[in-house]
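Student: In order, the protein sequences belong to chains A and B. Just so you know, the first sequence maps onto residues 1 to 277 in the working numbering. Just so you know, the second sequence maps onto residues 1 to 800 in the working numbering.
Careful, some of the hints might be misleading.
[Unchecked claim] Chain B stretches covered by chain A per the calculated footprint, using a threshold of three residues with CB under 8 angstroms from any CB of chain A: (1) 171-184; (2) 626-638.
[Stated by the list, open to error] Here's a subset of chain B near chain A, in silico, CB distances under 7 angstroms, partners left out: (3) GLY247; (4) VAL459; (5) MET460; (6) GLU654.
These aren't lab readings, by the way, just hints derived from the structure by calculation. None of the values given here were measured: they were computed from a predicted structure. For glycine and all other residues, C-beta sits at the position ideal for the given N, C-alpha and C.
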Amino acid sequence: MHQSILIFRNYRYLKWALIVVALSVLLYVFHEPGYGTPNGGTWLGYTLGGLGAVLIIWLMWFGIRKRRYGAGGAPVEDWLSAHIYLGLALIIVGTLHTGFQFGWNVHTLAYVLMMVVVLSGVFGLFAYVRVPELMTNNRRGMTLVQMMHEISDLDVECRDAALALGDEINQIVLTASQNTRIGGGVIRQLSGEDPKCATKDANRAIQHLAENAPQEQAEGYRALLGLLARKEELLSRARRDVRYKSLLDIWLYLHVPLSFALLGSLIAHIVAVFFYW
Amino acid sequence: MQERVKIAIVGSGPAGLSAAGRAAVAGVSHVLLEQRDHVSDTIYKYQKGKLVMATPDVLPLRSELTFQIGIREDVLATWEKQIAGLKVNVRFNSEVTGISGEKGDFTLKLSDGTTLNAEYVVFAIGLQGNIRLLGVPGQDREWVQYQLNDPDEYSDETIVVVGAGDAGIENALALTRQNNVVILNRGGEFARIKQGNLTAITTAIEKNQLECIYSAETVQVDDDGIVVKTPQGETKVKCDRIIARLGASPPRKFVESCGITFPNPDPSSLPELSGQYESNVPGLYIIGALAGYPLIKQAMNQGYEVIEYIQGNQLKPADEPLLEQKFANIPGNKSVSEVLALIQESVPLLAGLTTLQLREFLLDSNVHVPRGGDVVFVRNDYTNSFYSIVDGEVNIQIDPEDETKIIALGKGAFFGEMGLLSGRRRTATVMASKPTLLIETPRRSMIKLINSVESVKRVMDEVAVGRQIQTYIAPGIPLPDLQDLIRTVKVEKFDQGSVLFREGEAGDCLYLIQRGSVTVSREVGGKETVISYVAAGNYVGEMALISNAPRSATIRAAVSVEALRLDGIPFQALMARNETVRRTIEARYRGRMLENIESTEQPEAGGIIQFLIEQGLGEATDVLLIDEALCVRCDNCEKACAETHQGTSRLNREAGPTYQTIHVPTSCRHCEHPHCMVDCPPDALRRNANGEVYITDSCIGCGNCERNCPYGVIHMAAKPPKKPGLLQWLLFGRGPGPGQAVSGKWGPDSQKTGGSPKKAVKCDMCKDVLGGPACVRACPTGAALRVEPSEFFKMVSQGL
Numbered sequence: 001m002h003q004s005i006l007i008f009r010n011y012r013y014l015k016w017a018l019i020v021v022a023l024s025v026l027l028y029v030f031h032e033p034g035y036g037t038p039n040g041g042t043w044l045g046y047t048l049g050g051l052g053a054v055l056i057i058w059l060m061w062f063g064i065r066k067r068r069y070g071a072g073g074a075p076v077e078d079w080l081s082a083h084i085y086l087g088l089a090l091i092i093v094g095t096l097h098t099g100f101q102f103g104w105n106v107h108t109l110a111y112v113l114m115m116v117v118v119l120s121g122v123f124g125l126f127a128y129v130r131v132p133e134l135m136t137n138n139r140r141g142m143t144l145v146q147m148m149h150e151i152s153d154l155d156v157e158c159r160d161a162a163l164a165l166g167d168e169i170n171q172i173v174l175t176a177s178q179n180t181r182i183g184g185g186v187i188r189q190l191s192g193e194d195p196k197c198a199t200k201d202a203n204r205a206i207q208h209l210a211e212n213a214p215q216e217q218a219e220g221y222r223a224l225l226g227l228l229a230r231k232e233e234l235l236s237r238a239r240r241d242v243r244y245k246s247l248l249d250i251w252l253y254l255h256v257p258l259s260f261a262l263l264g265s266l267i268a269h270i271v272a273v274f275f276y277w
Numbered sequence: 001m002q003e004r005v006k007i008a009i010v011g012s013g014p015a016g017l018s019a020a021g022r023a024a025v026a027g028v029s030h031v032l033l034e035q036r037d038h039v040s041d042t043i044y045k046y047q048k049g050k051l052v053m054a055t056p057d058v059l060p061l062r063s064e065l066t067f068q069i070g071i072r073e074d075v076l077a078t079w080e081k082q083i084a085g086l087k088v089n090v091r092f093n094s095e096v097t098g099i100s101g102e103k104g105d106f107t108l109k110l111s112d113g114t115t116l117n118a119e120y121v122v123f124a125i126g127l128q129g130n131i132r133l134l135g136v137p138g139q140d141r142e143w144v145q146y147q148l149n150d151p152d153e154y155s156d157e158t159i160v161v162v163g164a165g166d167a168g169i170e171n172a173l174a175l176t177r178q179n180n181v182v183i184l185n186r187g188g189e190f191a192r193i194k195q196g197n198l199t200a201i202t203t204a205i206e207k208n209q210l211e212c213i214y215s216a217e218t219v220q221v222d223d224d225g226i227v228v229k230t231p232q233g234e235t236k237v238k239c240d241r242i243i244a245r246l247g248a249s250p251p252r253k254f255v256e257s258c259g260i261t262f263p264n265p266d267p268s269s270l271p272e273l274s275g276q277y278e279s280n281v282p283g284l285y286i287i288g289a290l291a292g293y294p295l296i297k298q299a300m301n302q303g304y305e306v307i308e309y310i311q312g313n314q315l316k317p318a319d320e321p322l323l324e325q326k327f328a329n330i331p332g333n334k335s336v337s338e339v340l341a342l343i344q345e346s347v348p349l350l351a352g353l354t355t356l357q358l359r360e361f362l363l364d365s366n367v368h369v370p371r372g373g374d375v376v377f378v379r380n381d382y383t384n385s386f387y388s389i390v391d392g393e394v395n396i397q398i399d400p401e402d403e404t405k406i407i408a409l410g411k412g413a414f415f416g417e418m419g420l421l422s423g424r425r426r427t428a429t430v431m432a433s434k435p436t437l438l439i440e441t442p443r444r445s446m447i448k449l450i451n452s453v454e455s456v457k458r459v460m461d462e463v464a465v466g467r468q469i470q471t472y473i474a475p476g477i478p479l480p481d482l483q484d485l486i487r488t489v490k491v492e493k494f495d496q497g498s499v500l501f502r503e504g505e506a507g508d509c510l511y512l513i514q515r516g517s518v519t520v521s522r523e524v525g526g527k528e529t530v531i532s533y534v535a536a537g538n539y540v541g542e543m544a545l546i547s548n549a550p551r552s553a554t555i556r557a558a559v560s561v562e563a564l565r566l567d568g569i570p571f572q573a574l575m576a577r578n579e580t581v582r583r584t585i586e587a588r589y590r591g592r593m594l595e596n597i598e599s600t601e602q603p604e605a606g607g608i609i610q611f612l613i614e615q616g617l618g619e620a621t622d623v624l625l626i627d628e629a630l631c632v633r634c635d636n637c638e639k640a641c642a643e644t645h646q647g648t649s650r651l652n653r654e655a656g657p658t659y660q661t662i663h664v665p666t667s668c669r670h671c672e673h674p675h676c677m678v679d680c681p682p683d684a685l686r687r688n689a690n691g692e693v694y695i696t697d698s699c700i701g702c703g704n705c706e707r708n709c710p711y712g713v714i715h716m717a718a719k720p721p722k723k724p725g726l727l728q729w730l731l732f733g734r735g736p737g738p739g740q741a742v743s744g745k746w747g748p749d750s751q752k753t754g755g756s757p758k759k760a761v762k763c764d765m766c767k768d769v770l771g772g773p774a775c776v777r778a779c780p781t782g783a784a785l786r787v788e789p790s791e792f793f794k795m796v797s798q799g800l
């Protein structure tokens with residue numbers, strides 16, 4: 001219908017980023033350091049370092065801009081599109097700034113943090129582009145809350161249907177309704193399934209029992225199994241929904257705190273360079 | 001001996017109280033009749049602690065009683081004290097059931113069987129009507145109530161709600177939070193209720209949150225419950241409380257039984273009155289809401305004035321200084337009565353108005369004195385006021401491409417009615433061509449006038465038909481040449497979903513959509529498939545007339561539609577006669593042909609249009625859509641809305657239906673004819689030039705708009721205190737952060753604001769926010785989109 005952030009405004013910010021990258025690379029190639037190998041201490045090194053620091057501050061400002069809801073100027077979509085492309089450009093700018101000199105020091109720590117932040121952002125971008133449509137298709141017009149309601153309704157129906165089928169079945173159904181979980185820890189949420197799903201186990205167990213059930217209970221078993229199958233299907237959709245939502249969220253838990261860590265190490269890096277070099 | 005008074009005042013609302021107060025002070029023998037056991041029942045029934053507004057602020061109060069803005073309890077207590085002090089003769093529990101006799105000798109029959117004699121009668125009964133009671137033994141028990149102020153007041157009770165209208169359902173649903181609720185429905189299903197309520201109640205019943213007894217007739221109320229008759233027999237439902245919401249019987253029937261006539265059968269029409277509030281029955285006066293003055297202050301002024309008039313005193317109306325002010329910029333320094341006379345003499349449309357109606361009309365209106373060359377309004381503005389020309393001349397630019405194509409309108413003519421009828425943008429730019437005197441009247445006052453004065457309605461209809469044909473079908477053709485066609489025009493109304501004509505039928509007419517919108521659909525593979533959408537100001541049905549073939553598509557009303565039906569034969573004659581008309585229509589024909597072919601290649605587009613029409617977009621002017629293929633569910637749209645609008649989001653992103661990847665969240669669509677604007681006592685709902693429907697600060701929190709909105713996008717909310725700024729939160733952790741929900745100290749019930757009153761809130765399209773709608777501007781991925789439906793349908797049909 002309309003455009004994704006990647007092709008937003010006909011790649012305007014990609015073009016900006018490409019210009020930044022192209023200029024940096026050209027200067028780097030044609031620049032001759034006064035002595036030794038390229039490093040952060042030459043005029044180009046300071047220029048690229050300065051540019052990188054400004055970019056980092058500006059990229060982090062996005063967090064503030066996003067929350068300034070009444071602010072004028074460019075809409076958040078512009079900001080995000082620019083944030084993505086200029087963030088990616090930072091990989092080149094930052095790397096050229098190092099002159100490919102790495103070591104076990106605060107300077108390289110800042111560089112590594114920067115790369116991790118950018119890479120977590122790349123993952124986020126991937127999630128933002130890929131997941132929304134999967135999520136919509138999986139929901140089929142329902143919200144997660146509606147799914148939960150329907151699951152709990154099915155629980156009640158299952159218990160009603162089990163009443164005529166003896167204690168063993170009743171116990172299985174009750175256990176299933178009490179022990180079925182959606183979501184849980186991070187890993188469970190991200191996996192989008194529950195290998196030990198109580199409803200799935202109950203469904204298998206009852207299927208097994210149904211094979212040897214007396215003729216007069218066949219109808220009751222069929223009804224119960226039908227309900228359990230529907231519940232299982234809904235459960236897997238609900239778990240998938242949780243998985244999608246967590247994919248959309250999880251990377252921010254890395255991206256944002258590490259940005260602040262980066263900011264800290266960046267300050268340490270700059271202070272160290274100017275006072276103790 | 002029968003009691004005899006000079007003036008009997010029926011109804012103790014603000015108007016009646018003020019009249020009685022004046023009568024008492026003037027020493028006139030009087031009686032104030034009130035059917036309940038307390039005064040001002042309508043205000044009495046307001047929610048506890050509700051703020052009573054004193055609008056319009058500019059109008060001076062003229063009454064023996066005082067009145068100023070305040071909470072319900074204070075207003076009522078003041079009045080009670082004052083009527084006791086003035087020694088007003090009040091009779092409670094006295095419902096008037098009939099009036100006979102004539103001026104000087106009226107006999108009033110009361111519900112307790114007694115009668116009363118009065119020389120004059122003043123009706124101040126308002127428009128609320130009488131609440132319908134259960135009508136069975138036990139209906140007066142103290143735990144049977146006919147209203148519900150605060151559903152959270154009750155908990156752990158079994159409550160029976162009688163009545164399956166919107167009010168009953170809303171009460172029942174609200175009560176289920178803390179109580180065990182049974183709702184009694186006289187019918188076998190829920191009919192004639194808002195779609196939102198229907199969905200809510202059926203889901204609640206399915207989920208066993210409440211019980212519904214269908215086809216239930218109440219038989220009687222016992223000590224411990226209510227006896228109900230159903231097709232299965234009589235049963236008793238034990239309960240702690242009964243809430244009956246059976247509506248009210250409008251007062252019109254009773255008023256008519258007293259001999260008072262109404263100008264037309266429209267339920268909103270009002271009785272005709274003289275300049276002194278006297279009805280067509282001599283000696284019988286009408287004041288307050290029933291006379292068309294719903295505001296408390298106006299009603300109180302009339303109460304005072306009517307007593308003076310009955311006593312034969314002349315006094316200048318309280319609005320005199322206001323009119324003087326309005327007329328101040330009219331050249332020639334004329335007095336108010338001179339201006340009134342000038343207007344009635346020059347504008348035939350207003351000639352049939354009584355002085356009272358004219359004063360009221362002008363009080364709502366504005367007087368403009370543009371010089372030659374001044375623009376009155378611009379094409380595509382969303383204003384919907386109505387203009388009458390008292391003096392001078394205006395030019396209407398009918399062709400946006402060619403500024404020289406104009407129609408001149410002179411003294412006595414009117415314009416601006418097209419926006420009024422269709423609820424859409426202005427169709428032309430209007431300019432004064434020499435010094436001119438104009439009266440601009442807001443839509444609401446104009447509609448009130450059309451409904452209450454028959455002659456205004458007739459003139460409007462006649463002129464409007466001709467103008468619409470001129471504008472939309474035959475531009476530039478003088479009216480006399482269109483007379484053959486105009487004579488055959490009939491205004492036809494269609495309910496939502498009904499068919500204007502069907503594919504395959506013979507075509508003998510075309511329809512010009514005057515109000516609402518329609519869908520065009522065709523049979524594709526045995527299924528009716530929507531192919532396009534046609535909005536007001538366009539016509540349908542010309543294809544069959546041009547080609548003399550059967551109808552090529554089915555036209556259905558997308559919302560309720562008013563269309564002008566133009567007969568085929570004079571229309572074909574006009575085309576034969578006039579080259580321009582024929583060319584325009586044929587160009588349109590070719591466009592439609594192309595559309596039909598495109599639509600068969602884009603079958604999924606029809607699905608989207610159909611889906612959106614079902615969501616009510618047929619009457620929308622601007623709607624928020626979310627492309628779920630892009631939406632990352634961050635809810636930044638909701639947060640932005642809440643942050644820019646006092647903590648309450650006007651939209652619910654997740655709620656609302658989805659088709660393919662198009663999601664219609666619950667948010668305002670700024671309808672062409674906003675349902676919310678229909679019944680707003682202080683006229684707080686407005687539409688501005690860009691089309692946004694918004695609520696002004698004069699909202700009194702009555703909740704009418706919330707109930708009238710079929711899309712559930714208006715709610716009542718109190719204003720929380722201002723949040724601390726972003727940096728204060730970031731550095732010192734003060735208050736809730738940006739986008740975080742507010743509660744407690746920072747919530748709407750906070751001590752800081754003293755629990756501010758609840759008022760209606762809705763989307764105002766961020767008219768006061770920099771850069772436009774915050775929801776769209778805050779969307780990081782561009783998933784949120786605000787569009788005009790017809791634009792969007794065009795995009796969809798073209799496969800974008």
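Student: Now look at each hint and say whether the structure bears it out.
Tutor: Hints versus structure:
Counting residues of the region 171-184 of chain B whose beta carbon lies closer than 8 angstroms to any beta carbon of chain A gives 0, which falls short of the minimum of three for the stated coverage. As drawn, the region 626-638 of chain B meets chain A at 9 residues by the rule of a beta-carbon pair under 8 angstroms; at three or more, the given contact holds. Among the interface hints, the one on GLY247 (chain B) is violated; its C-beta lies about 32 angstroms from the nearest C-beta in chain A, farther than the 7 angstroms criterion. Because the beta carbon of VAL459 (chain B) sits about 47 angstroms from the nearest beta carbon in chain A, more than 7 angstroms, this interface hint is broken.
Because the beta carbon of MET460 (chain B) sits about 42 angstroms from the nearest beta carbon in chain A, more than 7 angstroms, this interface hint is broken. A distance limit of 7 angstroms between C-beta atoms decides the matter here; for GLU654 (chain B) the minimum to chain A is near 5 angstroms, and the interface restraint holds.
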